[in-house]
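S.K.: Single-letter residue listing:
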Amino acid sequence: MKGGALFIAVFLACSVEAVEATTIILAAGTAHKSWRSAWLGSGAGLGVLALVVAVLGPAVTAVPLRGIRLVVGGLLLIFGLQWLRKAILRASGHKALHDEVQIFLDELAAAKASAAERRGAVADWYAFTLSFKGVVLEGLEVVFIVLTFGSNQHDVPLAALAALAAVVAVTVVGVVVHAPLSRVPENTMKFVVGIMLTSFGMFWGGEGAGARWPGSDASLPAIVAAVATLGLFLTVVLRRGLTVPASAS
Amino acid sequence: MARLRSFFAFWYDFVVGDDWRVAVAVVLALGTTYALSRTSAPAWWAIPVAVAVFLPYSLWRATRQER
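Residue numbers (this note's numbering), protein chains in the order written: chain H, 1 to 249; chain W, 1001 to 1067.
FYI, nobody ran anything at the bench for these hints, they're computed from the structure. Hints are supplied without guarantee of correctness; some may be wrong.
[Stated by the list, open to error] Here are some chain H residues pointing at chain W (derived, C-beta under 10 angstroms):
#1 Leu75
#2 Ile78
#3 Leu89
#4 His154
#5 Gly201
#6 Gly208
#7 Trp213
#8 Val236
#9 Leu238
These numbers come from a predicted model, not from an experiment. Idealized CB from N, CA, C, for every residue including glycine.
Model the full structure from these sequences, guided by the hints.
M.R.: Right, dumping it as structure tokens:
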């Protein structure tokens, strides 16, 4: 995989997570107009994530490539299949679509129901902790994607840069519009990311376990195409209300 | 104890997710690939087959539970 492809893959995956974190931060800041506390919580969360990357980044790149590909490829495949499974259920109408506006309203109602309590330098502790948790929990997936893609390509800095670019782009848009980013085609992006994570997980996991893919690196686009076809096929089948045969391929 | 339980529950949900069978299938597929790679037979097909079988199976279980 070339640098450009690594950048795009990580950027896209991290944008989805950044949109979700932004929704939580916007709700936390809007409830009691506690923007300073919400941004402090977000900053603290980003600090924790940067620490995790700083500690784990050099550690994973020190592991032999084959070992990394087996463990990371396996984890990526499990992770990717989770995303793809949920995306197919959403696209076929068997699971509610991810609705940032509804999530924003739910979080806002919960934040408004709580009293703005000062603790130390933080004027609104609820806004601080809500933003902190949102950034850390959504960000852990970003860290996972950065480390898995980056370590496999021996370019964690480029993967981290792609993640940072995604976070900055989404944050800037979030600050400008000051509303949940409901126009981002999040469900479609999750479908695409699920296909990518599953495909890369299959490729790297297989190589780590000792398989030689026909055509070597050239097989990766074919794997992506096959997983995309399978995902779309299953979506169409489920949308029609048919039962999915367990052996369908 | 409750914190420890919630810690493990978080990581279980983070890594394994809604259907543990998919995670088990991935581990078995990787094990099969490794075993095949020690022979002269091609080993690459085990993972695609596992995905092609267990993704529809997991979806079938999920939609069946709705009814």
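S.K.: Would you mind marking each hint as holding or not holding in the structure?
M.R.: Evaluation of the provided hints:
1. Leu75: holds (7 angstroms)
2. Ile78: This interface hint holds because 5 angstroms falls under the 10 angstroms limit.
3. Leu89: holds (6 angstroms)
4. His154: violated (22 angstroms)
5. Gly201: holds (8 angstroms)
6. Gly208: Where the cut-off is 10 angstroms and the nearest Cβ of chain W is about 8 angstroms from Gly208 (chain H), the hint holds.
7. Trp213: holds (5 angstroms)
8. Val236: Violated: closest Cβ of chain W sits about 12 angstroms from Val236 (chain H), beyond 10 angstroms.
9. Leu238: holds (6 angstroms)
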